[in-house]
Amino acid sequence: MEPLIDRLKGKIIKALKLSDVSPEDIDIDAPLIGGPLGIDSIDTLELLVLLEKEYRVTVPDVNTGRKVFASVRSLAAYIEKNRPQK
Amino acid sequence: MKTPLFLDAFAALLPSGIYSMRGHVPWFEGQTGPQDVLREQVLDKPYPGFGKLHIADRLSFAAAALLFSHYESCAGDETGITLGIPAGSFSTDLQYLETVENGFPSPAIFSATLPSSSVADIAIFFGIKGPNRVFAGTGTSGLCAFDLGMIMLQNHKASTMLVVSVRALEPAHMRSSLLPAYAAVENSAYAFLLTREKRDNGLNFRVEASFGKGEKTLPEQAGESYFDKLVHLLMENQNGSISFVTGDYRGHISIEKEL
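Here the protein sequences line up with chains A and B, keeping their order.
Residues in the first sequence are numbered from 1 upward in steps of one, following our numbering.
Residues in the second sequence are numbered from 87 upward in steps of one, following our numbering.
Mimicking SDA-like on lysine to any residue, the simulated pairs with C-alpha atoms at most 20 angstroms apart in a straight line are:
no.: 1; chain 1: B; residue 1: Lys131; chain 2: A; residue 2: Gly38
no.: 2; chain 1: B; residue 1: Lys315; chain 2: B; residue 2: Gly119
no.: 3; chain 1: A; residue 1: Lys14; chain 2: B; residue 2: Ser192
Below, a sample of chain A positions facing chain B; criterion: calculated Cβ distance under 7 angstroms:
no.: 4; residue: Leu16
no.: 5; residue: Lys17
no.: 6; residue: Leu18
no.: 7; residue: Ser19
no.: 8; residue: Asp20
no.: 9; residue: Val21
no.: 10; residue: Leu37
no.: 11; residue: Gly38
no.: 12; residue: Ile42
no.: 13; residue: Leu45
no.: 14; residue: Glu46
no.: 15; residue: Val49
no.: 16; residue: Lys53
Source of the hints: derived by calculation from the structure; they are not laboratory data.
C-beta atoms are modelled at their ideal positions from N, C-alpha and C, and glycine is treated no differently.
Based on the sequences and whatever the hints tell you, model everything.
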């Protein structure tokens, strides 16, 4: 899953246009929302679009979303588990 | 009798460079104007959200950040904000339309299609909780913002008012046929801090202004270029008066150093 996590960090920075942040700065176990990256609720919606556009993965409800967006690691695990097999 | 008001701090992003209470700094090589402003040129601490600000939000925020970088904090509910933004969110609207056409409408871009999002970014970051108003979509939006800023002080709606006037378009949209002529001008952003009380670290310019409609008695000026003149007076630490006529809106702003 490490390659996915690395790619995901880059995609998050690009999708959310985070300045002053490099992939190395992102702690994959830190809270994704409301954490040091300054990601807010609008950004979370943008991440939902990213998941659907890039990985064809959807998040069905808020409770699932809370678990999925808990950290970069949990986000990667959800993608890994739910993305369509090639 | 009107309460004396003070213009206590200013900052501007203009085609030639950055203007602040510390002086003028030209753009770096490769920067073509205010649209290329970097976070580190206006703010001395990291702000991951700076890069995601859309152009009008970014220039408004940058002007406010530059002003507050040389001034004490104005956090709290005694400080208000007025914003004038002639082109509204024109560029952001077009960018949102592109995402719609691509099949994945962007929520973040959609939220920035409200011109008031510029005020929100400033208010949240600097902890400003007083009243705020936005004027968008007319050539006199900046003037109206300055006018209302003074009215709010006179009426004790706030003790300090941050007035921001911004002209912000993505370069690709400057020649759009959908753009009103009054909005198709070079990018710029101005921030002025108006107060009811002199502050130790402020400029201490007493400011008076009158705005209104009436017969044209003054020479016509292009757009809102009078803000350029106001900034130059402030930079030179000079007393002066600026008269303006734009459309059927006219009046003057005068500043006088209080010793």
